[in-house]
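Asker: Generate the whole structure from the sequences, applying the supplied hints.
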Amino acid sequence: MKLQSEAEIIPNIGLGGLKLRAKITDIQELFTGLGVSKKGSFRIISPFEVAYSFGEGEVEATVDVRNGKIFRLTAQNGYAGTLFDKIRVGMKISEAVKSDPGFYYDESQEIVLHKGTKGLAIDVSETDPPPEIVPDLDIAAISVYAEETDTLRGQEGCW
Amino acid sequence: MADIAEHAINSTDDILKNPQLLYEKTPYDVEKIIGNTPGWYVETLGKGKHKGQGWMLRQYGGANGEPTGRMIQWHPGGGHHGPHPYWKVSDGKIVTRIGPQF
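Protein sequence lines correspond, in order, to chains A and B.
Using the numbering used here, you'd call the opening residue of the first sequence number 65 and step up by one each time.
Using the numbering used here, you'd call the opening residue of the second sequence number 568 and step up by one each time.
Source of the hints: derived by calculation from the structure; they are not laboratory data.
Keep in mind that the hints are not guaranteed to be accurate.
With a straight-line Cα cutoff of 25 angstroms, these simulated DSS-like cross-link-like pairs (lysine-lysine) come out [claimed, not checked]: (1) Lys592(B) / Lys156(A); (2) Lys133(A) / Lys156(A); (3) Lys182(A) / Lys660(B); (4) Lys616(B) / Lys83(A); (5) Lys179(A) / Lys660(B); (6) Lys150(A) / Lys616(B); (7) Lys150(A) / Lys133(A); (8) Lys182(A) / Lys616(B); (9) Lys179(A) / Lys592(B); (10) Lys584(B) / Lys162(A); (11) Lys616(B) / Lys103(A); (12) Lys133(A) / Lys616(B).
Only a predicted model underlies this, so the values are computations on that prediction, with no experimental measurement involved.
Answerer: Here it is in structure tokens:
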């Protein structure tokens, strides 16, 4: 299996040629040697989450250690694929909103979401910005995640 | 003042109605009082630049157990609002930030 940093970004499904809900035991070849014989790194980011960063960090896969499944995939700087055929990492939020008015900023979660689309979260290039400056910010990362993890059962690891 | 505020927090509703009650509180203080509130779950920031960091008590509800939009969050800071942590409360509509920097 090879990562594809130009692959389409599909909410609730996957990106980079990786699929959400995949078990890392089924794609172990991507992870073995990471940070030693393969470019990349990995780190524990919370008690139940490990993030694996591939290559120069253009793709990150986050795994729920309770079931070994990928629940979030993130496209970061260097990722060439698009969301909805037009939204890319690095473009201005205002451009994204202009091309698709369904995008909106959720101040409580400090991410850009899309009306009617589940399993999608767009990071902006500033931490917890006030809504009025968000249009001038860049898209820092585009994450897709398994929608069932954004529920109480999902938070408890039952997904 | 701190004692009065501590006694004033008995439920998540108290905080949603008056987020200022969180002033000078730590996540430890808050979790021991309301961390086991039914329908609410203790987690870290789940999305955004600080995913996996901080502390958050978030309400889930409805038929599918989805987030209601209500949350009480201890944000690690380090961005637009300065380097120090602060509280952030959402009642589902209005977001309020609490800390010395506000």
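Asker: Next step is simple, just say for each hint if it's right about the structure.
Answerer: Going through the hints against the structure:
1. The straight-line distance between the Cα atoms of Lys592(B) and Lys156(A) is roughly 37 angstroms, outside the 25 angstroms bound, and the hint therefore fails.
2. Pair hint Lys133(A) plus Lys156(A) does not hold up; C-alpha atoms about 32 angstroms apart against a cutoff of 25 angstroms.
3. Distance check on the hinted pair: Lys182(A) and Lys660(B) sit about 20 angstroms apart at the alpha-carbon level, within 25 angstroms; holds.
4. Between the alpha carbons of Lys616(B) and Lys83(A) the distance comes to roughly 22 angstroms, so the proposed pair stays at or under 25 angstroms and holds.
5. With a CA separation close to 16 angstroms, the supplied pair Lys179(A) and Lys660(B) stays within the 25 angstroms bound.
6. Our distance criterion of 25 angstroms between C-alpha atoms is met by Lys150(A) and Lys616(B), whose separation comes to about 22 angstroms.
7. Only pairs whose Cα atoms come within 25 angstroms are accepted, and Lys150(A) paired with Lys133(A) is rejected, the gap being roughly 29 angstroms.
8. Under the criterion of a C-alpha separation no larger than 25 angstroms, the hint pairing Lys182(A) with Lys616(B) is consistent with the structure, at around 19 angstroms.
9. Only pairs whose Cα atoms come within 25 angstroms are accepted, and Lys179(A) paired with Lys592(B) is rejected, the gap being roughly 35 angstroms.
10. Restraint check: the Cα-Cα separation between Lys584(B) and Lys162(A) comes to about 36 angstroms, which exceeds 25 angstroms; the hinted pair is violated.
11. Restraint check for Lys616(B) and Lys103(A): satisfied, since their Cα atoms lie roughly 22 angstroms apart, inside the 25 angstroms limit.
12. About 22 angstroms separates the Cα atoms of Lys133(A) and Lys616(B), which keeps this hinted pair within 25 angstroms; it holds.
Violated hints for the displayed structure, listed by number in ascending order: 1, 2, 7, 9, 10.
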